[in-house]
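A.B. asks: One line per chain: the protein sequences are S and P, in this order. Residue 330 is where the first sequence starts when you use my numbering, and the numbers rise one by one after that. Residue -17 is where the second sequence starts when you use my numbering, and the numbers rise one by one after that.
Just a sample of chain S residues kept apart from chain P, beta carbon distances all over 12 angstroms, derived:
#1 Q361
#2 S417
#3 A443
#4 E444
#5 R451
#6 N470
#7 S473
#8 G474
#9 K483
#10 E491
#11 K495
#12 I506
#13 T539
Dumping the calculated SDA-like pairs for lysine to any residue here, alpha-carbon to alpha-carbon at most 20 angstroms:
#14 S:K391 / P:Q215
#15 P:K214 / S:P401
#16 S:K391 / P:D197
Stretches of chain P that chain S covers, calculated by requiring three or more beta carbons in the stretch to come under 8 angstroms of a beta carbon on chain S:
#17 189 to 197
#18 211 to 219
Derived by calculation from the structure, the hints in this document are not laboratory data. From the three backbone atoms N, C-alpha and C, an ideal C-beta is built for every residue, glycine too.
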Amino acid sequence: MRRMYDEELADLDTSFKEMGLLVSETLEKSVQAFLDHDRESAQEIIDNDKAINEREIAIEKKSFEMIALYQPVTTDLREIVTILKAVSVLERIGDNARNIAISTIHMKGNKRVAEIEELIGREGTKVAKMVSEVLDYYVNNDVSGTEKISSEAKQVSQETNEIRNKSIKAMEDDPEIVETATDYIVVGGYLKRTADYVTDIAEWIVYKRTGKIVELNPGTSSYL
Amino acid sequence: MTDKLLKTENVHLYYGENEALHGINLDYDQYGITALIGPSGSGKSTYLRALNRMHDLQDNVTVNGTFMFKGRDMYAPDMDTVELRKQIGMVFQQPNPFPFSIYDNVAFGLRISGEKNKAVLDEKVETSLKQAAVWDEVKDDLHKSALSLSGGQQQRVSIARALATEPEILLLDEPTAALDPVSSHKVENTLMALRDQYTMIIVTHSMSQASRISDRTAFFMNGNLVEVNTTKQMFLNPVEKETQDYISGRFG
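Required output: the full structure, derived from the provided sequences and hints.
C.D. replies: Given below as C-alpha cells:
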C-alpha cells in the first residue's frame, strides 16, 4: 500500500498547493482592490471566501481519512500533520484577504492620504509575495528560506507601526480623516497578522523536514 | 452490472448442535476488496468457507440460507463443486504449494479441467504468475520445487494458482498472517493490483491491513454480522459501538 498511500499523499499535497495559490492570489487582489478603491472586486473576494473555506474542509477531511486508514508514522505522519496545521493557517490568511475587502467596501469616498496608501500598497505587495514564497519553500521542502521569512515579517511589523503612526498624525491634523485613517490602521493590522501566519507556515515546514517544532515569530510590537 | 455478483441471505451454520452463524446477510458487487474482520470465533472464517462450499467435506456441518452466485443457487444439488471452486478460488493462511514444481502448481487447476495444450498452459502460467506479482522472481526457475521458495513467494504462487482458472471471486483466509512485513507488503500490493479485475473477500486479523487495502469492511462478532460499510466509514465513523470498540482495540 505504499504506492496507494504515496499517491494519495501526492494528491493531498497538490490540493494544498492549489489552495495556497488561490489564497495568495486572493490576497494580492484584495490589496489591489483596496488601493484602487474597487468595491466590485472587493465584493467578489468576499463572495469567493466560501470557496477557500470549502477547500480547507476538503483537505482536512482527506487528512483524517488518511490517518485513519493508513496510520502513518515518521515522515509520513509529519507530512500530514504539517498539511493539517498549515491548511488552517492558509484559511486564516484567506480570511484576512476577505477582511481587507470588507474594509475596502466600508471606506466611504472620504478623504484619502496618498502617502499612507502607498505604504499599504508596498506592504501588501510584500506580504502577498511572502505567501507565494513560503509556498515555494513548502513545495521544495526547503527550510533555507525560514530566516528570510522571519526577517521579512519583522519588517512588515515595522511598516505596520509606520502606517499606524502616520495615520494617527493624519487624524490629529485633520479630524475629517479619522474614519479613513482608522481603516488604514486596521488593514495594516491584517497585513501584519498575515505575515505572522506566513511565519507559522515556515515553522511547519521546518517541522516537516526535521521533526523540530520551532518559534520563528519575532513577537515584537504586536500592538494590533 | 446492476445485479449482485454474489448474494448471501440469512446464512445459518451449525457445527453439530452448535450454531456458529446466526443469519448473515451480505452481498458483493463485481470487483473490489471486502475485508471480514472480527475476533477469533466470530464466524468470519466459517462464513468465508461457506462461500465455496468447503464445509461439504465435514459431515457434522449444516449450512442453511441462500447463496446466489451470478443468479444461481450455489448449494443446488446439481451444482458442480469443482466448477464452482474454479470460479470462486481460495487462498489460505499457510502458503500451501503442492510438492511439485512452480509451473505444475500453477497449471494444476487447468490440467484438472482438461487443458493439455502446452502453449496454452505456458501462457496461462506466465500470466497468472505475473498477475500475482511473482513472475520476475521465479521466471528462471519455473521447474524448481515450489517448496523451495520463501513464504511470501509461496503465497504469491498460491494466489497465481488460484488465478490460473480465471475465477470471478477470490477468497482469502488471512493470507498474510504467516508472512513477515516485507512479504505481506508484496502480497497486499498484489491484491491491490487485482482489485479492478476480481472480486476479493479477505478475512484478516490485521485492522491496519483491512483499512489499507479494502474498499468495504464487514465486522463479525459472535456469529453475527454487526456492521458492514465502506472501509472509510467503518474506520472513521462506524455506527455501532461494538465496531468502534473493536476497531479502536478496546477489547472486553
